[in-house]
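Make a model of the complete structure from these sequences and hints.
One point on numbering: in our numbering, the residue at position 354 of the sequence shown is 657, and numbering is uninterrupted.
Because the hints were derived from the structure by calculation, they are not lab data. Predicted model only: the values in this text are computed from it and were never measured. Among the hints, erroneous ones may be present.
Listed next, with one range per pair, are the computed distances between beta-carbon atoms [claimed, not checked]:
(1) 566 - 347: 52 to 60 Å
(2) 379 - 578: 43 to 51 Å
(3) 346 - 379: 26 to 34 Å
Here are the computed lysine-lysine pairs in the BS3-like style, where the Cα-Cα straight-line distance is at most 30 Å [as the list claims (entries may be wrong)]:
(4) 396 - 415
(5) 691 - 637
(6) 691 - 653
(7) 396 - 470
Ideal Cβ positions, reconstructed from N, Cα and C, are used throughout, including at glycine.
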Amino acid sequence: MAKVGGLRLRGWFLLGLVTVVVLAATGVWNPFPGVWDWVDRSEPISEPDVVWQQRIGGTPKSVTIAGGAVVVEQRTRVEARSLATGVQLWERKADWSAVAGGDRDPVVAVGKLLVKGYELLDPVTGATRRRDDDAVGVWTYRNLLLDARCVEATDCTLSAWEPRGTKPLWTAFLPGVSTGLFADNPDLLDTRRLTTTRIDDGVAGPEAVPPLLGFPVDGRVHVVDTATGRVLQDVEPGRDERLAVVGGRMLRIKAVSQDGSCAFTVTAHDPTTGREVWRRTGINLRTADSAGCAQREDPQGARNVLIGVSPDSREAVIDGYDGRLLQVNGEGQKLIAVDDRYALVRTADKRSVIARELGTDRTRWTRAAGGRSGSTLTPYAAVLAEEKPNRLIALDPRTGKELVVLRTSANALAVGPAGMVIGEGREIGYVRFGAGGAAPAQPPGGDGGPAPGEPGGAPGDMPGGGPGDEGSCGPKRELCPEHDDKDG
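Quick look at the structure:
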């Protein structure tokens with residue numbers, strides 16, 4: 304009897320299997336894709352779970368939120384995914400990619416290494432908006448895109464474009480550009496940001512173009528006004544000097560060996576007149592390595608501010624425009640993140656992180672954090688990466704209010720107006736701010752509207768970008784045109 308029951312059971316099983324196969328073959332019902340999705344489903348990369356999670360073809364080189372899309376750069380290709388669902392929108396073969404534009408007008412520049420030219424793609428559709436066949440380098444900003452093309456090694460033209468513009472705003476002639484370009488965002492003489500593990504260096508996306516840029520050409524520095532394209536200065540550094548262009552000033556950083564250590568002097572000059580406007584001695588901007596006084600690095604800082612170390616080993620944040628000390632740490636405290644609005648400081652006992660508003664000596668908020676926690680500041684959120692236990696935390700940079708707290712070992716890859724992309728290996732996912740009831744933070748000048756990919760649009764940039772964006776004007780808005788300040 305047992306054998307008969309077993310044969311009947313097998314018979315029913317075979318009959319059911321044949322029925323499912325027939326239904327699938329005729330298109331009536333096909334359960335196999337769903338079954339395979341269940342078998343192949345990855346473990347969630349965070350708790351609470353993300354809005355969506357997708358496995359991409361390879362480990363991403365960079366991830367950027369561009370309006371309603373997430374642009375993922377890989378080794379030999381670039382793809383875009385929907386910010387709302389994670390579904391792949393398009394894919395292109397490319398060796399490099401970079402995003403320009405703000406929340407309303409983003410574009411994706413793509414190109415191949417050692418090949419001139421680039422294409423500008425729409426981040427949602429992948430359609431080509433503009434093509435260039437001659438450029439040897441591209442620089443991408445929130446409100447501007449720059450490219451350079453060279454007839455000869457010593458005869459180059461720099462052009463500025465609105466992100467979705469079809470005609471250049473201005474052109475400037477340079478006697479060459481830095482060698483080894485053929486890619487995106489070649490190094491300029493500016494600042495070097497603080498970095499930390501588990502938070503990608505480009506997590507904040509493109510920034511507003513600075514008022515002045517310093518292009519290194521054959522050992523000299525050409526200072527270009529990004530509003531007009533005028534080449535203001537062509538300067539050669541002295542033997543003990545390193546030059547940098549920060550906050551609308553050209554800095555001469557001098558380091559000489561003295562009594563077994565390096566003696567530093569920083570002078571800032573008005574690039575239009577060449578006049579010295581401020582000077583500080585004894586401040587180490589960390590341009591020289593410990594082996595001697597040879598300066599091989601850009602100064603540390605962000606946007607319009609510099610990070611220096613005083614002779615008593617206390618860190619300070621310096622206004623690049625007028626040389627003011629915007630923030631001076633207490634003994635044993637350490638800067639872990641800075642922009643030109645706030646500084647995040649780890650306390651001497653390594654148990655807390657303090658957020659200070661620059662230039663006011665005002666503490667915005669304090670939060671308990673372990674000594675191994677890292678952080679970064681973006682226009683939309685301050686991001687903390689903690690270990691043991693592993694967590695990623697996004698906070699409103701002004702108030703310290705929690706936007707999202709994730710128990711995860713993943714990295715923070717990109718931060719946007721309404722959420723952030725995290726990733727671990729080939730898995731990436733999107734988490735929306737305010738899932739726990741907190742409202743998303745808004746950047747300086749933001750209108751507080753819905754984010755890209757959300758109903759109602761996105762907070763936009765002011766026309767012209769930088770001058771209308773409070774965060775690009777310096778702590779006193781001194782870099783904005785006078786007509787932007789007439790109302791206070």
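*Looking at the structure, which of the earlier hints fail to hold?*
none
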